[in-house]
Amino acid sequence: MTEHKDPQQAPENDAATAASAQEAESFPLADPEFEDLLDEEDQQIEPPTDIGENAQQVVTALLGHQQDLVAELRSVYERLEQVREVDYAALEERVKQAESVVEAAPSAAELQELIGLLEGMSGTLKEHENKQAELEQQLRDAREHHATQLAERDARIAAQNARIEELEAGITAAAESAESAHDKLQVLAQETNSSLIHRMGERVSPAAQQARNALSNIRRRFRR
Numbered sequence: 001m002t003e004h005k006d007p008q009q010a011p012e013n014d015a016a017t018a019a020s021a022q023e024a025e026s027f028p029l030a031d032p033e034f035e036d037l038l039d040e041e042d043q044q045i046e047p048p049t050d051i052g053e054n055a056q057q058v059v060t061a062l063l064g065h066q067q068d069l070v071a072e073l074r075s076v077y078e079r080l081e082q083v084r085e086v087d088y089a090a091l092e093e094r095v096k097q098a099e100s101v102v103e104a105a106p107s108a109a110e111l112q113e114l115i116g117l118l119e120g121m122s123g124t125l126k127e128h129e130n131k132q133a134e135l136e137q138q139l140r141d142a143r144e145h146h147a148t149q150l151a152e153r154d155a156r157i158a159a160q161n162a163r164i165e166e167l168e169a170g171i172t173a174a175a176e177s178a179e180s181a182h183d184k185l186q187v188l189a190q191e192t193n194s195s196l197i198h199r200m201g202e203r204v205s206p207a208a209q210q211a212r213n214a215l216s217n218i219r220r221r222f223r224r
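Numbering (full-length UniProt numbering), first residue to last: 1 to 224.
Note that these hints are calculated values from the structure, not bench results. Hints are supplied without guarantee of correctness; some may be wrong.
Stated by the list, open to error - The calculated label-pair distances, taken between Cβ atoms and stated as ranges, are:
1) Ser122 / Ser100: 26 to 34 angstroms
2) Val76 / Leu111: 17 to 25 angstroms
3) Thr148 / Leu125: 29 to 37 angstroms
4) Ser100 / Ala61: 30 to 38 angstroms
5) Ser100 / Arg143: 55 to 63 angstroms
6) Glu78 / Ala98: 29 to 37 angstroms
7) Glu99 / Arg79: 29 to 37 angstroms
These figures come from a predicted structure and were not determined experimentally. For each residue, glycine too, the CB sits at the ideal point set by N, CA and C.
I would like the entire structure built from these sequences, with the hints used as guidance.
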C-alpha cells in the first residue's frame with residue numbers, strides 16, 4: 001500500500017532532518033554508548049518465531065534495514081573521525097605557528113627598550129643636523145670673509161700697481177730730464193770751454209744713472 005504524503009509536511013520534515021543533523025553533529029563521537037551501538041552490527045538479532053509468517057518477514061526486513069543503517073552510521077562515524085583528525089592536525093599546526101610567531105615577537109620590555117633607543121637615536125640625529133647646519137653656516141661666513149679679504153687685497157695691489165706706475169713715470173721723467181740736462185751742459189761746456197759747467201755736467205750724470213738704477217731695481221722687485 002502506497003502512503004501519500006501531505007505537501008505541507010515537507011518543510012516540517014526538512015526542519016526535522018536539519019535538527020537531526022544538528023543533533024548528530026553535536027553527538028559526542030567518543031561516547032561509549034554510541035560505540036556500543038555501532039558494535040551491535042556484529043550481534044545478529046534473530047526474529048521471534050512465535051509470530052505469523054508475514055510479521056516475521058517484516059521483522060526480518062526491519063532488522064536487516066537496521067543493520068544497514070548501523071553499518072552506514074559506522075562508516076559516517078569513521079569518516080567524521082578522519083575529518084576530525086585532519087582538522088585537529090591542521091589546527092594544531094596553526095597553533096604551533098602562532099606560538100612561534102608570539103615567541104619570536106619582542107616582549108613589552110624589549111619594545112619599550114627599543115622605543116627608548118629610537119628616541120635616543122632621533123635626538124642624536126637632531127643634534128648632528130644642528131651641528132651640520134652650524135658648520136655649513138660657518139663655512140659660508142668664512143667663504144664670504146675670504147672673498148672680502150681677496151677683494152680688499154686685489155684693491156690694494158691695484159692701488160700699489162698704480163702707485164708704482166706713477167713712480168716709474170716720475171723716475172723715468174727725472175732720468176730723461178737729467179740726461180737732457182747733462183747733454184745740454186756738455187754742449188754748453190764745449191761751446192764756452194768752461195770747466196765749471198763741465199764739472200756740473202759730471203755731477204748731473206751720476207744722478208741720472210742713479211735714477212735709472214732705482215727704476216730698474218723697483219721693476220725687478222715687483223716682477224718677482
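Which hint numbers doesn't this structure obey?
Of the numbered hints, 2, 4 do not hold.
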